[in-house]
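Residue numbers (my numbering), protein chains in the order written: chain A, 1 to 259; chain B, 1 to 355.
I should point out that these hints are in silico values taken from the structure, not numbers from a laboratory. A few of these clues could be false.
Unchecked claim - Some chain A residues close to chain B (C-beta under 8 Å, calculated; not the full set): (1) 5; (2) 6; (3) 8; (4) 12; (5) 29; (6) 33; (7) 36; (8) 37; (9) 40; (10) 47; (11) 60; (12) 158; (13) 258; (14) 259.
As the list claims (entries may be wrong) - In silico lysine to any residue, SDA-like type, Cα no more than 25 Å apart, as pairs: (15) 77(A) / 12(B); (16) 77(A) / 58(B); (17) 77(A) / 55(B); (18) 77(A) / 42(B); (19) 82(A) / 40(B); (20) 77(A) / 40(B); (21) 77(A) / 75(B); (22) 77(A) / 56(B); (23) 82(A) / 60(A); (24) 77(A) / 115(B); (25) 77(A) / 46(B); (26) 77(A) / 45(B); (27) 77(A) / 168(B); (28) 77(A) / 44(B); (29) 77(A) / 76(B); (30) 77(A) / 57(B); (31) 77(A) / 28(B).
Even for Gly, the Cβ is constructed at its ideal location relative to N, Cα and C.
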Amino acid sequence: MADGPRDPWRVVADLVATDADRRAADPGLTAALDQERARFGAAAGDVADLLDELERRSVVDVDAPVESSRPVVPQLKLAVRKANAFVSRHLAQQVTVLTQTTAAALRGLHERVAALEAGRDVRDLQDRLLDHRPAVADRLADLAGAGARRDVGAPDGLATLPEADAALVVLWGFVDVVTAADLRRALARGLAGVAPGGALAVVGTDPAAWATAADPIVLDLAPGHPCHGDTIAHLLRRAGAAEVDVVQVGAALLVVGRR
Amino acid sequence: MTIEAVHQVVPSLRRWDAVGDHTRRLRDVLRGAGVRSEIFSDDVDPALAAEARPLRELPPPDPARTAVVYQCSIGNEVVDALVARGEPLVVDYHNLTPVGMLLRWAPDMAHLVGWGRSQVRQLALHAVLGVGDSDFNTAELDHLGYRRTATAPILLDPDVVAADEGAEGERDGSWLFVGRVVPNKAHHDLIAAFAWHRRHHDPAAVLHVVGGVAVPAYQAALEAMADRLGVAGAVRFHGAVTPEQRDALYRRCGVFVCLSDHEGFCIPLLEAMAHRLPIVAYAAAAVPETVGTAALVLPAKSPSLVAAAAREVLADEALRTEMVTRGLARLAHFHPDAVAARHLAALRSALDLPG
Chain A
1 MADGPRDPWR VVADLVATDA DRRAADPGLT AALDQERARF GAAAGDVADL LDELERRSVV
61 DVDAPVESSR PVVPQLKLAV RKANAFVSRH LAQQVTVLTQ TTAAALRGLH ERVAALEAGR
121 DVRDLQDRLL DHRPAVADRL ADLAGAGARR DVGAPDGLAT LPEADAALVV LWGFVDVVTA
181 ADLRRALARG LAGVAPGGAL AVVGTDPAAW ATAADPIVLD LAPGHPCHGD TIAHLLRRAG
241 AAEVDVVQVG AALLVVGRR
Chain B
1 MTIEAVHQVV PSLRRWDAVG DHTRRLRDVL RGAGVRSEIF SDDVDPALAA EARPLRELPP
61 PDPARTAVVY QCSIGNEVVD ALVARGEPLV VDYHNLTPVG MLLRWAPDMA HLVGWGRSQV
121 RQLALHAVLG VGDSDFNTAE LDHLGYRRTA TAPILLDPDV VAADEGAEGE RDGSWLFVGR
181 VVPNKAHHDL IAAFAWHRRH HDPAAVLHVV GGVAVPAYQA ALEAMADRLG VAGAVRFHGA
241 VTPEQRDALY RRCGVFVCLS DHEGFCIPLL EAMAHRLPIV AYAAAAVPET VGTAALVLPA
301 KSPSLVAAAA REVLADEALR TEMVTRGLAR LAHFHPDAVA ARHLAALRSA LDLPG
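Taking the hints into account, I'd like the entire structure generated from these sequences.
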């Protein structure tokens, strides 16, 4: 017996169930299309452009149109417009001043928010650059072996890291956007969490890839910048690590030191 | 006392306009039911001058014998006059685009829509009945506090819901969408999905977009987007076309793709069904209600998902046939005779009409 047509509901269910695979199969186009669609979002858009538009529209036209297809009406409208002109201009002037003042305040807020959002932009940048994560993950799995592994993705995570406990401690992500002093502290604290004979791995971003991958404003406003592998290796040795190795995997940088 | 006349007030009466057509057909339905009925409007297409009278000629209110149906639209001065009349008032609601969807692109239009929405709310205090042309629209009326509501679809030209016998020929692999170029119809999502389709399924595919440009800034942004994605040459913006030109595309294209975020009804979906064109649609607002089970209705609209759905429809002959069959069956639900009966039943629930 020949197969009948598939139920449209079943077709949709199957397509939905497999959509993540499709997106994952072409991350470049997925990201590009998501970015394009985001431009059209209700809350999206370039805030600076919107503020420009707000300022343009704040200048209220007090000369209401007087056209009409009916006879005499244009003359009547014109007379009404002239009679009300002083009131209209007075109101329009106040609207203009109010709107311009509001726009100026919003511009100030926008600049401050943009600076805060720079941190988010940096994380997005890291996500894009670390496209060799599977290869990095394989190396980390080898390092941990059967021992305990602790991943630290934010500075806060260092505070709760048990002393001399793990076969492998991994510091990742935040190491790109901390000050040099904070990086030194993080390395020392991370190494302290490693059991004797274990390893501390630092996963960062190659500074060269970083410098060419994003808007300069995003990079300049970021709270830190990635260090070269040699610099991290140097700091790791000063923190007490031995057998320090630096490996570059695509745009990712993996620095490993043993305790 | 029996109502002897049910007049309609519509802010604007235009040719090739769904609400305008509906208003004229409802007048004929009312006359057929034995009540006097005229259309009153101050903005009438010259070609329809004989169909309507100026608002100033609306007879003085006679609450015992006369009722008024207001064909709801964007904000206008007519509403204040209607409310002041005091006769039984019926609001026929075809929905209004949410203000937030327009604000960024067309602040002027957003203002008029916002005004219109506030008037719909105001009319809840005065109307004896609110009629939505979909359950989605009726739910809004219920939410606004209308004391009595009913659903009766928009009255269409019988040709719209009749199977197009000439639409059984060869089709190409192109996509079609019909609808005004406004942000709530999400042409940007359509272009994104189409770009995925071109990359992964059919590098020669074409997207036909039919509909007048209501928001020029949005149209310009769409053209720029298509350019950035490298599909500008494959996205054809036809603008407003004649019914013949539109029907030719319905007959030629391989799939109708609708990714609107807001539709109060969406007549092009029925047009596609009548032209035996399978539909892929995003499940927003009244769209699922209009298509029933006669479309691939998607719960999300990631470009890859939409493109994959369109590909299924284009590549699977059995699925296409099934969806066309379902579409033609679905049209019966919107046949003008059936819809006219629903309108009369709705009106009779609130007004004492003859018969």
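Could you tell me which of the numbered hints above are not met by this structure, giving the numbers in increasing order?
-> 10, 11, 12, 13, 14, 19, 27, 31
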